[in-house]
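Peer 1: Residues per chain, in single letters:
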Amino acid sequence: MARFALVALLVLAPVAAMADPDIGCGPGTQIWAGNSGVAPKVLGATTNGTFGLQTFGITFGTLGCHQGGKVVADARVREFAAANLDALAHDMAQGDGEVLSTFAGLIGVKDSDRAAFYAFTQRNFARIFATDDTTELQVLASLEKLMADEPQLAVYASQG
Amino acid sequence: MAVAAAFCAAATATAEPAPPDLAAAIARARAQRLADTPMWRALLHYHHTPFRSGWTSQADGPAFFVAPDGKRSPESELEATLAALFADAPTAPDAHPRCRYPARRAWLARELGLAPLPEPPCPAYDQFRAALDPVSATLVFAEAFLNNPASMFGHTLLRIDTRRGRDLLGFAVNFSGATGNDGGIVYAARGLTGGYQGFFAVDPYYEKVKSYGDWENRDIWEYQLALSPEELDLLLAHLWELQGIAFDYYYFDENCSQQLLALLEAARPALREREFIPAWVIPADTVRAAVRHDLVTDVRYRPSAATRLRDAASRLSRDQRGLALSVASGDVAPDAPALQALPPAARAETLDVAYEVLRYRYLAHDVEREASAGRARAILLARSQAGVRGAAPEPPRPAWRPDEGHDTMRAAFAAGALGDVPYLELRFRPALHDQLDPQGGYVRGAEIQFFDTAVRVYPTSGRARVQEFVPLELVSLTPWDSLFRPLSFRIDTGLRTRVAPARHGDGIEQASVFRNRGGLGLSFDLGGGALLYALAEATGELGAELDHDGALGAGGSAGILASTPGDRWRGELFARATRYALGDVTTAVSAGLAQRVSLTHHLALELRSSYERDFGRGWVEGVAGLRGYF
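The listed protein sequences derive, respectively, from chains A and B.
With my numbering applied, the first sequence covers 741 to 900.
With my numbering applied, the second sequence covers 92 to 721.
Bear in mind the hints are in silico, worked out from the structure with no lab data behind them.
Heads up, some of the hints might be wrong.
Pulled a few chain B residues facing chain A out of the computed Cβ check, cut under 8 Å [said to hold, decoys possible]:
1) R201
2) D258
3) K301
4) V387
5) D443
6) R450
7) Y451
8) A464
9) R468
10) R474
11) G481
12) A482
13) V546
14) V548
15) Y549
Taking CB as the label site, the calculated pair distances span [what the hints assert, rightly or not]:
16) R854(A) <-> P487(B): 22 to 30 Å
17) R659(B) <-> R854(A): 32 to 40 Å
18) S882(A) <-> A462(B): 47 to 55 Å
19) G481(B) <-> S882(A): 28 to 36 Å
20) D389(B) <-> P891(A): 20 to 28 Å
21) A870(A) <-> S573(B): 42 to 50 Å
C-beta: ideal position from N, C-alpha, C; glycine also.
Take these sequences, add in the hints, and give me the full structure.
Peer 2: Put into structure tokens, the structure is as follows:
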């Protein structure tokens with residue numbers, strides 16, 4: 741075994757040297773600034789299998805961030821939005837996509853309101869992603885505010 | 092599976108009313124030889140190991156075992172577990188063995204017909220179960236990624252879909268080495284010698300989709316498993332037992348797929364078909380085992396970001412594609428007249444591609460965030476204003492799933508002639524795939540050969556020699572195009588045979604050399620699946636039979652790879668020239684045609700003819716043989 745390992749080590753060293761240690765780890769992996777705040781810290785520890793968790797990184801939705809309304813308060817929603825902000829932005833702009841539909845499910849949008857919700861995010865994209873540095877918290881807060889003014893969608897924003 | 096089911100049924104059926112005490116339970120366990128069952132071996136991860144008789148658990152954390160000698164003794168671990176489960180010592184919440192070992196407890200209670208034991212408070216486990224209220228489990232396979240040695244065979248993980256979340260919101264159960272920030276040689280050394288510890292981790296599945304699908308651009312396959320609610324229950328209970336338990340992490344041996352299979356065995360002990368020593372498991376083989384055991388109900392394909400982008404771009408007209416690239420690089424504004432002139436649907440799909448190109452380049456570190464954030468927002472703003480609702484269509488699913496690809500091991504028998512000297516050749520390769528093997532189910536252009544070994548016998552002289560012993564050959568031929576600009580490369584290292592003119596007489600001699608070769612270049616798609624490649628190469632050789640005991644050279648190789656539709660025939664036209672300028676100085680040239688004709692899924696004919704010139708003389712070589720995959 742030892743000899744085998746030595747041979748394999750000689751063989752693999754040049755391959756291993758090519759590995760990009762930066763791939764997909766930590767900051768610098770999203771165009772949108774979805775990597776600040778509480779949620780990303782949780783996520784930071786669960787990325788890419790390089791940290792070898794001693795305990796399971798399951799979130800029970802009890803991160804205790806209860807400022808704002810229903811959407812902002814749900815840690816799972818925040819985590820999801822933070823982790824998928826680039827794809828969420830694209831899906832909202834095109835009013836369709838798996839990340840957007842998963843997000844809609846997370847904030848409880850019923851099937852019958854989905855089409856309206858998707859069209860709403862597309863229509864309001866400029867206000868939901870208001871700046872180049874929009875964070876997931878700002879996205880959620882804007883959504884919350886804009887949905888409150890939307891008769892069909894207000895129900896998903898108002899309950900605290 | 093049928094055997095295990097029958098066994099369990101029989102064991103339950105013969106169980107009489109609950110044993111009144113621990114001694115009776117132990118006696119019953121002994122009588123039923125429970126320590127010698129596949130399920131107990133699965134729950135404790137017992138395997139045979141080299142140089143040691145009997146069973147040894149691959150788990151290393153002492154918290155995993157109740158008995159001091161539990162790592163090596165299934166019997167004493169089982170009896171100690173029973174004693175611990177029966178103990179009624181008052182303990183802090185979560186501390187009782189009944190909280191710590193829920194899978195062992197459930198299984199032992201069932202097999203021994205135990206009366207219900209008192210329930211200690213286990214709030215942590217209850218919370219875990221509440222969070223992971225499972226409805227189904229899915230075996231997830233991420234395709235090979237050659238740029239990282241840890242993933243060049245692909246990767247498997249398990250996804251638990253729960254009542255709280257499915258698909259992206261499911262939980263990914265992943266075994267990985269705690270490699271920290273080690274890279275390069277340190278990673279290779281520690282990974283190969285068990286210097287890392289591996290743990291099971293549970294993360295949101297979307298994190299895995301991001302790292303494999305978006306960042307590493309690997310297509311993902313999701314195999315939904317037909318586990319019964321009881322089997323799922325046991326699997327999760329066992330997962331709990333593995334929390335924080337360290338396993339030595341060997342790159343080849345106790346690797347992610349092997350451990351994942353071990354976890355699945357807790358649900359289906361029969362999944363362990365044979366004991367490998369060492370327990371070498373290629374990720375795709377885990378999937379094949381699940382398919383073979385009728386465990387798979389439905390298979391979904393989740394194309395990577397790059398696959399999606401390539402497909403979406405292929406739907407654009409040439410002008411649109413050019414426009415999308417200009418928008419992505421910032422040369423054309425997303426609301427420029429050229430885009431406004433397009434009909435809304437065409438404008439929308441052009442901007443969709445532009446955004447994904449920008450995102451791809453950002454993730455590839457080709458552009459900085461400062462430069463891309465504003466542009467990204469402007470593109471999406473214009474996209475939202477185009478008003479057409481809808482994502483790009485799903486890329487077509489490949490004709491072959493990874494589990495349908497050729498089997499991992501390959502053996503070949505061939506007869507040939509070098510000049511006018513006939514020979515027979517036996518070849519064996521434990522893993523995995525080369526450019527000529529049947530392509531279905533494998534990543535296009537990705538060649539990974541491990542320990543390819545060939546022995547030749549020369550009937551006329553009665554001699555035999557090791558023709559090749561190649562621990563690693565790695566080739567990545569990814570076509571260059573306007574969207575993706577990947578380099579193609581090769582790395583190989585191993586014992587090879589060079590042919591040279593005899594120093595006395597006009598015969599030929601063969602010299603063993605240890606050769607390292609690296610190459611870098613480009614590949615181009617010729618259409619119809621054909622590929623043209625050209626690589627610049629550097630070669631270093633060591634060998635006692637070479638002048639100065641070695642040679643250092645530079646050169647290049649080029650070739651065309653093509654298949655018939657359906658890939659029954661595949662051929663490679665190849666040429667290589669190497670100028671050895673240091674050491675044993677010479678120019679070596681070779682060219683030829685290699686072909687493979689598939690006869691069945693497991694069997695193929697191989698033909699190879701080549702001309703080789705070295706040390707000022709040339710030879711023709713021809714060889715024909717049969718290769719089998721198993």
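Peer 1: Of all the hints numbered above, which does this structure not satisfy? Sort the numbers upward.
Peer 2: Hints 1, 4, 7, 13, 14, 15, 17, 18, 19, 20 and 21 not satisfied by this model.
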